[in-house]
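Undergrad: The residues making up each chain are set out below.
2 protein chains.
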Amino acid sequence: MTKSKRVLISIILRLLAFGATVAAMVVMVTSHDSAQAFNLTFTAKYSNDPVFKYFVIAEGIASAYSLIVLLITCSQKSSLWRFILILDLVIAMLLTSSISAAAAIAHVGKKGNSHAGWLPICGQVPKFCDHVSGALVAGFIAPILYLFIVLSSMHSVITHLFL
Amino acid sequence: MTKSKRVLISIILRLLAFGATVAAMVVMVTSHDSAQAFNLTFTAKYSNDPVFKYFVIAEGIASAYSLIVLLITCSQKSSLWRFILILDLVIAMLLTSSISAAAAIAHVGKKGNSHAGWLPICGQVPKFCDHVSGALVAGFIAPILYLFIVLSSMHSVITHLFL
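Taken in sequence, the protein lines are chains A and B. Residue numbers for the first sequence, in our numbering: 276 to 438. Residue numbers for the second sequence, in our numbering: 276 to 438.
For identical chains, the list gives no copy identity; a pair is met inside one copy or between any two copies.
In silico lysine-lysine, DSSO-like type, Cα no more than 30 Å apart, as pairs:
1. LYS320 / LYS386
2. LYS385 / LYS402
3. LYS386 / LYS402
4. LYS386 / LYS328
For the record, the hints were derived by calculation from the structure and aren't laboratory data. Source: prediction; values computed, not measured.
With the hints as extra help, turn the sequences into a complete structure.
TA: See below:
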């Protein structure tokens, strides 16, 4: 594979990752629903749970990072690639962490946990749960893309070394 | 750094990661406590929550993998190192995922979530919560060690290439 082809694949992967993280962030931030019980109105929103806040912050950091690296890649400042490879790895782990934590909370929201006495809430706030599910799907794609970004960068290094 | 020094560091990191994942698994599996309310006894154990089960399975997979790679490293079959580098990366992400999900559920267990009506349970089953906290500490160390394992493997490749 030529160098320009490798750069093109890297740019496509980073563009897709940028799209996925921005989508995950926007869909999570706009998740909102309210329910009435005993004449009181309850509002469900992402900021009610620290884990969902962490998810939004992590996706935001990854979006900004993807954009900066895209600009660097396009300007051909390849002297930074060693540093970028390490940061790619950290971002892949950050995205994995945020989606896993958010998925765990979303699971309790959907199924509850009868042993702990935590009731599911999706029956009361279905719109909120649909939004969160959408954010999780986008958030699940992002670390997979970053895994491929890291693998492709490592492949470039290894191919350089042995072929 | 000489090759033998690099191999030694890799062995030490993998031994530490093996210890951390085994400790996390054992401490989580042995977490157990019961509480009484209205003449009924409630038992808290890791298997009551699918996320804690996932944590135990992930730590188990990582333990077995660390042991196998240690045996391979000691037998000097270094032809597999490219495959091992990819698997190291996957294990690092698996460990990150499992600790993040388990920490999210443990956070709800400790603090609850008043918006969702989920009450904290640590007041009723403190022994269970202490065990889970211990498992989380060990489980938190493991992905950090794997991050260093991946970085040290990549460093070996990059050093080979440029120095």
